[in-house]
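Asks: Listed here are the chains, written in short residue letters.
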Amino acid sequence: MKWLAIAAATIGLLLVPVLFGDRFVFVFIQMLTASLFALAFNLLWRHTRLLSFGHAAHFGAGMFATIHLMRLAEANVLAVPLPLIPLGGALAACLLGVVAGYFATVRTGTYFAMITLAVAELIYALGSQWEALFGGEAGLSSMRLPWAGWTFATTGEVYYIVLGWVVPAAAALYFVGLTPLGRLAFAIGDDETRVRFLGYNAHRAKTMVFALSAFHAGLAGGLLALVNENVNYGAFGGTVSASVVLHTFIGGSGVFLGPVIGAAGLTLLGALLSDVTRLWLLYVGAAFVLMMLYSPEGLAALFIANLRLWRELPWPSLVRLNLLGGLAVLAFVCTTVFVVELAARALTEGASATAVVLFGTTWSLSSPVTWAIPIALALAGHVALKAAIRQRRRLEDAVA
Amino acid sequence: MKFGVLTAFAMTAVAAFVGTPLPAAAQLKVAVIENLSGPGSATNRLFAVGMKNGLTLVNKAGGWKGQPIEYLEYDSQGSSSVAADKVRAAIADGAHILVSGGSSAVAGQIVEDVRKQNLRNPDRRVIFMNVGAEASDFTGEKCNFYSFKYAMNAEIRVKALVTAMKAAGALGDRVFSINQNYSWGKDMEAAITRYAGPMGYTVVDKVLHDVSKVQDFSPYVARIKSSNASTVITGNWGSDLILLVKEIGASGLKVQLGSTFLELPGTLSSAGASTLGYYTADFYLPEAGGAAAKALFDRYKAIAGTLPTTSEVKSVVMAQMLQAALANVELGPKVDTTKIALALEKAKVQTPIGEISMRAADHQAAVPLVVSVVSKDASFKVDGTDMGFKPVKVIPGPEAISAVQETCKMDRPS
Chain A
1 MKWLAIAAAT
11 IGLLLVPVLF
21 GDRFVFVFIQ
31 MLTASLFALA
41 FNLLWRHTRL
51 LSFGHAAHFG
61 AGMFATIHLM
71 RLAEANVLAV
81 PLPLIPLGGA
91 LAACLLGVVA
101 GYFATVRTGT
111 YFAMITLAVA
121 ELIYALGSQW
131 EALFGGEAGL
141 SSMRLPWAGW
151 TFATTGEVYY
161 IVLGWVVPAA
171 AALYFVGLTP
181 LGRLAFAIGD
191 DETRVRFLGY
201 NAHRAKTMVF
211 ALSAFHAGLA
221 GGLLALVNEN
231 VNYGAFGGTV
241 SASVVLHTFI
251 GGSGVFLGPV
261 IGAAGLTLLG
271 ALLSDVTRLW
281 LLYVGAAFVL
291 MMLYSPEGLA
301 ALFIANLRLW
311 RELPWPSLVR
321 LNLLGGLAVL
331 AFVCTTVFVV
341 ELAARALTEG
351 ASATAVVLFG
361 TTWSLSSPVT
371 WAIPIALALA
381 GHVALKAAIR
391 QRRRLEDAVA
Chain B
401 MKFGVLTAFA
411 MTAVAAFVGT
421 PLPAAAQLKV
431 AVIENLSGPG
441 SATNRLFAVG
451 MKNGLTLVNK
461 AGGWKGQPIE
471 YLEYDSQGSS
481 SVAADKVRAA
491 IADGAHILVS
501 GGSSAVAGQI
511 VEDVRKQNLR
521 NPDRRVIFMN
531 VGAEASDFTG
541 EKCNFYSFKY
551 AMNAEIRVKA
561 LVTAMKAAGA
571 LGDRVFSINQ
581 NYSWGKDMEA
591 AITRYAGPMG
601 YTVVDKVLHD
611 VSKVQDFSPY
621 VARIKSSNAS
631 TVITGNWGSD
641 LILLVKEIGA
651 SGLKVQLGST
661 FLELPGTLSS
671 AGASTLGYYT
681 ADFYLPEAGG
691 AAAKALFDRY
701 KAIAGTLPTT
711 SEVKSVVMAQ
721 MLQAALANVE
731 LGPKVDTTKI
741 ALALEKAKVQ
751 TPIGEISMRA
761 ADHQAAVPLV
771 VSVVSKDASF
781 KVDGTDMGFK
791 PVKVIPGPEA
801 ISAVQETCKM
811 DRPS
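Protein sequences, first through last, are from chains A and B. 396 is the number that the numbering used here gives to position 396 of the first sequence; each next residue is one higher, with no gaps. 722 is the number that the numbering used here gives to position 322 of the second sequence; each next residue is one higher, with no gaps.
Hints are computed from structural coordinates only; laboratory data are not their basis. One or more hints might be untrue.
Restraint ranges, calculated between C-beta atoms of paired labels, are given here [claimed, not checked]:
{"hint": "1", "chain 1": "B", "residue 1": "L519", "chain 2": "A", "residue 2": "G21", "range": "16 to 26 angstroms"}
{"hint": "2", "chain 1": "B", "residue 1": "N628", "chain 2": "A", "residue 2": "A132", "range": "29 to 39 angstroms"}
{"hint": "3", "chain 1": "B", "residue 1": "G494", "chain 2": "A", "residue 2": "V18", "range": "44 to 54 angstroms"}
{"hint": "4", "chain 1": "B", "residue 1": "P813", "chain 2": "A", "residue 2": "V77", "range": "23 to 33 angstroms"}
{"hint": "5", "chain 1": "A", "residue 1": "V340", "chain 2": "B", "residue 2": "T706", "range": "18 to 28 angstroms"}
{"hint": "6", "chain 1": "A", "residue 1": "V276", "chain 2": "B", "residue 2": "L519", "range": "27 to 37 angstroms"}
Ideal Cβ placement from N, Cα and C applies to all residues, glycine included.
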């Protein structure tokens, strides 16, 4: 069953350039690199419970190292096949990871987070000032050179390079958890004092995990640089560090593939929604807050909990539960989107606005119909939610 | 795809049978890629607003020989990576011309993407029109036949500023240069130093400070004081400009100030009366443009509901440049971007403060600048304050433009 799902996903990913146009292949590439970045970040959090707020430093280091290598290749100084160049980015990030990790992992918790944040800020500040290395505001750029009959001019060809790196790298991250180092890292996350008491060098283990995480983050960055063929010091910015945290926790940090759900989902949402509404970040923020409040384990944990129920309970009652729950969520989402978009449009038009165009229809702000719709939707959501909760109680009683 | 080919074939066959009607002219699509939701979007999105309304005005005035130009809009979120995605989306949606202005980081990505798109897809070339990203690289190392820069740069701004301040007797002979420590600030510092000799002042001290991080400018003001400078020249924007000006005002230091971004929305209202008497250089129309500017502003207000800001005016004028160029390009079944690019090089537009033209050598526009002084006598008040910008001197485009950079090596179509 598990292997079947993996095989289906692999075939699906291989077929992307055949099934979609360039524009969506590009979105898929961004989903893949964001996924690898989130997985790398989560290696550190899920095992050792170290929360890095500055992982953009490693992502950006991978981007810049890759662009520099591409530029060297373009200038005929370096003869490396193009698909191998992101590895250089990963190594550069790993080097940075060893140094930054050595210092940062002396501490844990908040202090660790502050040190990683400081390192990222430091590099960002350096990036804006050291033009020779980071290219200033306009950034550095290069162009992909052909190799072995491939021109890498189309997005589809580049997609396969990215896929060819991301899938093995993700697998490697999974298997790291099964090695002695991975087990030790889990133990450190549980109780570091005990690990030290057992005679292990916890600091060295944490540095190693940090460097591994940096390596994969750098690989993700390097792949993105290969695709964008351009990078500027904004890659080190706080939004990049924040987005990987968001991706990981919305997706679910407790499950290996959780960050992938978050990263791929939010990247896709960003690509599709940002041209539709200017408020899409507000929705993502709201989703994050709700997620942390009601399902701090993330989407993946929700999914797995549900999967477990499917094995234990009669499915007709579960279908009902999921339908009701889904309806409630849908109704609340529709209400929120309608009211927020209406308000935003009314506010931008100014105090004199009487009607607002939304979803291709004109809504009069004084008409009762305009306000009856969200109220009715919210009521419907409320009823569905109540029914879902009742259904859930009934199921829980049946199990108990 | 197959279906598309078959349909096209069938339609051609039908057309051939019925008789040969004129092929429908392809519609020109202009895609704005701008920061609409990220940090700084409040000021950056004005370029998009201006372009949208500018194209509406152009379409009202006949568009491209009677055919309307289509406006598309994409959100770069202020990130160059997202911008890379939106460039592909825009091209996939059929855009022929890309427009951006809010950030040199995003423009840097677009310039490069356009260059590569045109190398790899010679049958689907696109044009980039840069309305506000001022990094000098775009007409230097990154200059490209299909990229047109209507934005100014540090040298253009400084040249105009010191020329006008000298003529007004406000320059003094001891200049203190304070700028943000990144490519723009460094460009500014270099320009301030370069014009010391020709304009007869000495740069008594130079400071580069962190961008948008300094909360307390008093150490810098103390340094200005101890340098005994007569004039401070700065390329700062946003909080770095507001806090600097306020600190100078609070310290009671008597010093003249020349700047480049005082007219950005919110600056005058935040910095307050300390700005009175200070100079700024920009493409700024309202008072200097007289009746012609008023007519343009009225036309704009009729469709937008508000008077345009400087950024919006820049977009509108750029849309007019495009229309002027299109007047010399024949409509056809396919939009020929190379012909449009050649026409853009020759296009000229008479703005209320003078002519704008494009220099073919590096695709830097010769834009006229207005150097103005913050005053309560200005006829257009800004930001709801009782202050505004009173024009001191208009520098015509050909005088304002900076020299062609040696690093610009442009491949022209043969």
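Asks: Broken hints, numbered, in rising order?
Replies: 3
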